[in-house]
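Colleague: Using the sequences plus the hints, can you model the full thing?
Line order of the protein sequences matches chains X and W. The letter at position 41 of the first sequence is residue 41 when you use our numbering, and the numbering goes up by one with no holes. For our numbering, add 341 to where a residue sits in the second sequence, where the first one is 1.
A hint or two may mislead.
Cβ pair distances, simulated, as ranges [stated by the list, open to error]:
hint, chain 1, residue 1, chain 2, residue 2, range
1, X, Ser157, W, Ile556, 31 to 39 Å
2, W, Arg652, X, Glu327, 36 to 44 Å
3, W, Ser462, X, Pro179, 18 to 26 Å
4, W, Arg425, X, His204, 39 to 47 Å
5, X, Asp177, W, Gln599, 23 to 31 Å
6, X, Asp177, W, Arg676, 56 to 64 Å
7, W, Arg652, X, Asp14, 38 to 46 Å
8, X, His204, W, Gly357, 30 to 38 Å
9, X, Lys2, W, Leu542, 25 to 33 Å
10, W, Ala359, X, Glu197, 38 to 46 Å
Hint data in this document are derived by calculation from the structure and do not stem from the laboratory. All figures in this text were calculated on a predicted structure; none of them were measured in a lab. Built from N, CA and C at the ideal position, the CB exists for glycine as well.
Take a look at the letters that make up each chain.
2 protein chains.
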Amino acid sequence: MKSVTLAVDAMSGDRGAAVAVSAALAAVTENEALSIILVGIRSELEALLYGADRDSGSAGHPRISIAEAVDVVRMNERPSHALRHKQNASMAVALRLVRDGEAQGCVSAGNTGALMAFGRSIIRMYPGIERPAITKLIPSLRGRCHVLDLGANVDASAENLYQYALMGSLMASAISDLPEPRVALLNVGEEEIKGNEQVRLASHLLAQCDTINYIGYVEGSDLFRDVADVVVCDGFVGNIALKTGEGVAGLLIELLEQAFSRGLYGRFVGWLARPVLGRLLKLMDPARHNGASLLGLQGVVIKSHGNANERALLAAIRQATKEVEMEVPRRINDRLDDLML
Amino acid sequence: MKSVTLAVDAMSGDRGAAVAVSAALAAVTENEALSIILVGIRSELEALLYGADRDSGSAGHPRISIAEAVDVVRMNERPSHALRHKQNASMAVALRLVRDGEAQGCVSAGNTGALMAFGRSIIRMYPGIERPAITKLIPSLRGRCHVLDLGANVDASAENLYQYALMGSLMASAISDLPEPRVALLNVGEEEIKGNEQVRLASHLLAQCDTINYIGYVEGSDLFRDVADVVVCDGFVGNIALKTGEGVAGLLIELLEQAFSRGLYGRFVGWLARPVLGRLLKLMDPARHNGASLLGLQGVVIKSHGNANERALLAAIRQATKEVEMEVPRRINDRLDDLML
Numbered sequence: 001m002k003s004v005t006l007a008v009d010a011m012s013g014d015r016g017a018a019v020a021v022s023a024a025l026a027a028v029t030e031n032e033a034l035s036i037i038l039v040g041i042r043s044e045l046e047a048l049l050y051g052a053d054r055d056s057g058s059a060g061h062p063r064i065s066i067a068e069a070v071d072v073v074r075m076n077e078r079p080s081h082a083l084r085h086k087q088n089a090s091m092a093v094a095l096r097l098v099r100d101g102e103a104q105g106c107v108s109a110g111n112t113g114a115l116m117a118f119g120r121s122i123i124r125m126y127p128g129i130e131r132p133a134i135t136k137l138i139p140s141l142r143g144r145c146h147v148l149d150l151g152a153n154v155d156a157s158a159e160n161l162y163q164y165a166l167m168g169s170l171m172a173s174a175i176s177d178l179p180e181p182r183v184a185l186l187n188v189g190e191e192e193i194k195g196n197e198q199v200r201l202a203s204h205l206l207a208q209c210d211t212i213n214y215i216g217y218v219e220g221s222d223l224f225r226d227v228a229d230v231v232v233c234d235g236f237v238g239n240i241a242l243k244t245g246e247g248v249a250g251l252l253i254e255l256l257e258q259a260f261s262r263g264l265y266g267r268f269v270g271w272l273a274r275p276v277l278g279r280l281l282k283l284m285d286p287a288r289h290n291g292a293s294l295l296g297l298q299g300v301v302i303k304s305h306g307n308a309n310e311r312a313l314l315a316a317i318r319q320a321t322k323e324v325e326m327e328v329p330r331r332i333n334d335r336l337d338d339l340m341l
Numbered sequence: 342m343k344s345v346t347l348a349v350d351a352m353s354g355d356r357g358a359a360v361a362v363s364a365a366l367a368a369v370t371e372n373e374a375l376s377i378i379l380v381g382i383r384s385e386l387e388a389l390l391y392g393a394d395r396d397s398g399s400a401g402h403p404r405i406s407i408a409e410a411v412d413v414v415r416m417n418e419r420p421s422h423a424l425r426h427k428q429n430a431s432m433a434v435a436l437r438l439v440r441d442g443e444a445q446g447c448v449s450a451g452n453t454g455a456l457m458a459f460g461r462s463i464i465r466m467y468p469g470i471e472r473p474a475i476t477k478l479i480p481s482l483r484g485r486c487h488v489l490d491l492g493a494n495v496d497a498s499a500e501n502l503y504q505y506a507l508m509g510s511l512m513a514s515a516i517s518d519l520p521e522p523r524v525a526l527l528n529v530g531e532e533e534i535k536g537n538e539q540v541r542l543a544s545h546l547l548a549q550c551d552t553i554n555y556i557g558y559v560e561g562s563d564l565f566r567d568v569a570d571v572v573v574c575d576g577f578v579g580n581i582a583l584k585t586g587e588g589v590a591g592l593l594i595e596l597l598e599q600a601f602s603r604g605l606y607g608r609f610v611g612w613l614a615r616p617v618l619g620r621l622l623k624l625m626d627p628a629r630h631n632g633a634s635l636l637g638l639q640g641v642v643i644k645s646h647g648n649a650n651e652r653a654l655l656a657a658i659r660q661a662t663k664e665v666e667m668e669v670p671r672r673i674n675d676r677l678d679d680l681m682l
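Modeller: What follows is the structure, given as structure tokens:
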């Protein structure tokens with residue numbers, strides 16, 4: 001197994017460093033080829049890492065080290081402000097570890113806009129790509145679907161959408177091992193005449209590109225129907241689609257739990273049903289799907305939910321590990337040149 | 342009870358006139374104050390309405406009549422083409438019945454764009470409103486939420502969004518009997534700095550309007566959390582949010598059904614669980630929520646899903662009946678003047 005080193009921004013999440021430290025410990029325990037550099041305030045991280053054992057001479061974990069970063073970017077801080085004043089923030093230090101080759105990828109649960117801004121200023125973009133996009137694998141009944149952009153940029157030109165489609169297609173090839181991923185544009189209808197100008201123009205560009213398996217428009221409901229492997233949209237639409245989907249899933253899980261906690265009969269049936277519903281509950285478990293990729297940077301950068309718990313942050317670390325193992329940035333970089341307009 | 346007459350476009354849906362005729366029969370049977378004018382090809386409708394009974398002298402139903410319309414707008418027909426060549430299409434005739442006061446509202450399962458275009462050309466808009474919006478009540482755990490625009494227009498200026506907010510607020514007052522509906526803009530985050538330019542400018546306009554209870558931004562996941570009574574967005578975003586939500590709900594229902602049909606044990610638990618899951622299944626049943634309002638026209642116009650079955654079309658007819666009973670257009674018209682910019 002290939003050895004992988006990740007930088008984990010331990011300070012930026014809503015739940016503080018404790019979650020990052022336990023997720024890191026869990027990650028190196030389950031994966032012997034993985035080393036983690038925790039980035040943050042050394043004294044705080046050491047206290048969490050060594051705990052009460054410190055006095056007894058324990059040295060933490062041999063595959064976990066610490067890189068000091070004294071600042072933290074706040075969740076609602078303007079990215080431009082962070083760029084100007086927080087060059088020593090944990091997320092910036094983590095990204096520089098990737099740039100300098102000390103780590104092959106990094107994970108942060110911090111401010112998305114700031115992570116994007118630091119990402120672009122610290123790690124190079126792929127040549128010809130104007131903006132990064134955020135992407136994630138959306139689970140469905142059969143297969144899964146890479147959706148992008150999920151909120152890196154609130155608008156996108158036709159060229160941006162085209163570039164997202166290229167990157168998404170190469171990403172799906174690299175990580176899901178698909179030879180010819182089906183690429184679609186998210187639209188309000190499947191007919192040629194539907195949609196806004198950017199989407200229609202992007203469709204035109206994609207239809208002319210023979211190295212991409214462009215299948216046309218799909219609608220919101222198609223995201224879960226294994227119709228496409230890659231679905232492209234602007235970040236405003238993608239963010240709202242993702243969160244609406246999560247909202248419906250959350251509502252349904254809550255309704256299920258209510259139904260199975262009401263009355264003796266309900267609780268009894270709920271107890272009987274738990275093993276039967278295993279697959280559904282697993283598919284709907286948001287912690288399992290935590291970890292979105294900042295696609296466009298020449299390095300693995302994974303954004304975790306801000307309020308991720310240990311299990312969710314572990315999922316994001318696994319995602320980063322997998323992208324490093326599959327050499328996603330190199331594979332995208334190698335093929336992108338041939339595909340640019 | 343107030344008597345209500347609706348024009349039902351019987352020809353434009355994917356499933357043909359049979360569904361419309363049975364839904365109309367069901368509707369007048371359950372509501373004694375309701376009369377329906379079926380709009381379409383007379384011979385076809387009569388055959389469906391009288392069925393085998395015709396020879397026996399049955400006269401159909403005393404509160405169902407027929408208005409002849411020889412043309413039908415196809416589902417993928419360009420609205421501009423329909424406007425030019427299909428003035429005698431069933432949806433146009435149904436709208437004219439509303440304009441001329443023969444019906445107080447109409448229901449169509451046809452081409453949304455064409456219905457919008459005919460709606461705007463046949464029925465007057467509210468003064469000061471530039472474009473109609475499509476709106477629907479989205480169910481949630483507690484309360485419900487009017488979302489608009491769900492796809493009438495693929496883009497919207499800040500002024501359009503502001504006008505949607507006004508209409509949505511008045512609609513929620515009129516139909517859900519809320520004195521001060523909470524109005525929100527759909528955005529990619531709750532912070533002031535988030536979103537695209539139109540949304541931020543619309544927020545500015547709404548914050549200055551004291552007759553609207555504007556509460557700021559909400560995210561996609563908030564649609565189901567009883568955070569707002571009215572949520573405003575452009576039609577591209579709204580359409581994709583709605584369909585994504587429907588897609589997730591459909592996926593979950595399919596997973597539930599799979600779980601409860603696998604093996605003897607699964608089927609047994611599923612049988613036990615059915616009464617427990619009643620509320621969930623009811624809330625998720627798309628047929629119950631069929632029927633979106635074309636808001637902005639001075640008349641009740643309800644768009645049904647194209648592939649609505651009898652039960653779903655009945656729900657759309659109920660929605661139209663309710664809007665007529667609550668005098669939604671008059672109540673919006675009366676108050677809109679005071680609120681315009």
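Colleague: Each of the hints needs a verdict: does it hold here or not?
Modeller: Comparing the hints with the structure gives:
no.	hint	result
1	X:Ser157 <-> W:Ile556: 31 to 39 Å	holds, 32 Å
2	W:Arg652 <-> X:Glu327: 36 to 44 Å	violated, 53 Å
3	W:Ser462 <-> X:Pro179: 18 to 26 Å	violated, 50 Å
4	W:Arg425 <-> X:His204: 39 to 47 Å	violated, 26 Å
5	X:Asp177 <-> W:Gln599: 23 to 31 Å	holds, 26 Å
6	X:Asp177 <-> W:Arg676: 56 to 64 Å	holds, 59 Å
7	W:Arg652 <-> X:Asp14: 38 to 46 Å	holds, 44 Å
8	X:His204 <-> W:Gly357: 30 to 38 Å	holds, 35 Å
9	X:Lys2 <-> W:Leu542: 25 to 33 Å	violated, 50 Å
10	W:Ala359 <-> X:Glu197: 38 to 46 Å	holds, 40 Å
In the structure shown, a violation is registered for the earlier hints numbered 2, 3, 4, 9, in ascending order.
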